[in-house]
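Enquirer: With my numbering, letter number 56 in the sequence shown gets 57, and the count goes up by one each step, no holes.
Careful, some of the hints might be misleading.
No more than 30 Å apart at the CA atoms, straight line, and that leaves these computed lysine-lysine pairs for DSS-like [unchecked claim]:
id, residue 1, residue 2
1, Lys-230, Lys-158
2, Lys-158, Lys-173
3, Lys-135, Lys-191
4, Lys-223, Lys-196
Per label pair, the in silico range of CB-to-CB distance [stated by the list, open to error]:
id, residue 1, residue 2, range
5, Thr-217, Lys-287, 36 to 42 Å
6, Asp-192, Thr-140, 28 to 34 Å
7, Glu-212, Leu-176, 33 to 39 Å
8, Ser-295, Lys-119, 36 to 42 Å
For the record, the hints were derived by calculation from the structure and aren't laboratory data. Even for Gly, the Cβ is constructed at its ideal location relative to N, Cα and C.
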Amino acid sequence: MTEFIHIKSIYQLHHLMEIEKPVHPLISVVRHSKDMKISFGNVRFNSDLYFISLKENIKGSFKYGRNSYDFKEGTLLFVAPGQVMSSNEDIEPDLAGWSVFFHPNLIRKSQLATTITKYHFFDYDIHEALHLSKKEKATLTECVLKIEQEINQNIDKHSQELIIHNLEAILKYGLRYYDRQFAIRTNQSKDYISKFETFLKNYFSQHQQIETGIPTVEICGKAMNMSGKYLSDLLKAETGKSLIEHIHLYIVDKSKAILLNSNLSVSEIAHSLGFNYPQHFSKLFKTKTGLSPSEYRHLN
2 MTEFIHIKSI YQLHHLMEIE KPVHPLISVV RHSKDMKISF GNVRFNSDLY
52 FISLKENIKG SFKYGRNSYD FKEGTLLFVA PGQVMSSNED IEPDLAGWSV
102 FFHPNLIRKS QLATTITKYH FFDYDIHEAL HLSKKEKATL TECVLKIEQE
152 INQNIDKHSQ ELIIHNLEAI LKYGLRYYDR QFAIRTNQSK DYISKFETFL
202 KNYFSQHQQI ETGIPTVEIC GKAMNMSGKY LSDLLKAETG KSLIEHIHLY
252 IVDKSKAILL NSNLSVSEIA HSLGFNYPQH FSKLFKTKTG LSPSEYRHLN
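Start from the sequences, fold in the hints, and give me the full structure.
Expert: Have a look at this one:
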């Protein structure tokens with residue numbers, strides 16, 4: 002029977018891994034090869050913690066959300082609080098690499114508490130993890146070393162700020178390296194864009210918007226077999242527009258054709274496009290075109 006574990010604190014995490022008590026109550030750096038002793042076989046777990054993990058030498062697979070993923074050397078994974086993970090029994094405990102675990106309370110009073118939401122990779126599926134070059138691994142490991150040094154020395158009034166500064170550096174490098182990964186996979190990305198455009202056309206031509214509503218980021222991601230945040234960032238990297246922007250532009254283009262080729266009222270058009278309230282449709286249309294739907298129809 003699979004065991005489920007909910008990890009609430011850094012202290013509990015250290016206890017489960019059978020390592021020394023944490024020096025800092027809200028953040029910990031764990032060196033996999035010499036520290037980690039926990040057996041992950043047949044365990045499902047989630048936590049109240051963020052973690053950033055570099056997997057260097059691991060055999061076996063983890064399940065994260067809908068997908069199973071076999072780690073490769075130099076894989077960097079970002080996980081937000083509340084995510085559920087599991088692993089199979091053949092996972093080997095003699096890992097290399099490192100993990101940084103931190104509680105949201107660590108950053109609660111800092112600017113990072115607000116800006117961390119822009120780092121969408123915390124919500125990516127595990128098969129969308131970041132694959133690093135040796136140079137990139139070295140850069141991130143240097144940041145981790147600085148965090149480790151701050152944790153292990155006498156805490157003073159500068160400690161918190163320096164720890165958070167280096168955490169933020171890791172996240173900013175993560176953004177840079179994901180941009181590089183998107184760029185390298187540009188041909189594959191273009192294929193995904195084509196498939197997404199086909200999905201969007203089919204969604205509206207089959208009138209799913211009337212039953213389900215305007216497609217959300219999550220609906221689009223599921224249809225493309227990836228996380229919605231990853232799909233949005235992929236589209237942004239390739240086209241300069243986010244997933245929501247693509248959906249809105251598609252709706253506006255479709256509504257223009259209906260306005261000019263039918264006698265449907267603005268309210269009827271809004272309903273046919275999946276809007277519960279006509280004013281929401283009118284606001285979107287005016288934002289994108291500078292005209293209300295009625296003005297556009299009259300002028301054309």
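Enquirer: Decide, hint by hint, whether the structure agrees.
Expert: We went through each hint and held it up to the structure:
{"no.": "1", "hint": "Lys-230 to Lys-158", "verdict": "36 Å, violated"}
{"no.": "2", "hint": "Lys-158 to Lys-173", "verdict": "24 Å, holds"}
{"no.": "3", "hint": "Lys-135 to Lys-191", "verdict": "27 Å, holds"}
{"no.": "4", "hint": "Lys-223 to Lys-196", "verdict": "13 Å, holds"}
{"no.": "5", "hint": "Thr-217 to Lys-287: 36 to 42 Å", "verdict": "22 Å, violated"}
{"no.": "6", "hint": "Asp-192 to Thr-140: 28 to 34 Å", "verdict": "30 Å, holds"}
{"no.": "7", "hint": "Glu-212 to Leu-176: 33 to 39 Å", "verdict": "37 Å, holds"}
{"no.": "8", "hint": "Ser-295 to Lys-119: 36 to 42 Å", "verdict": "37 Å, holds"}
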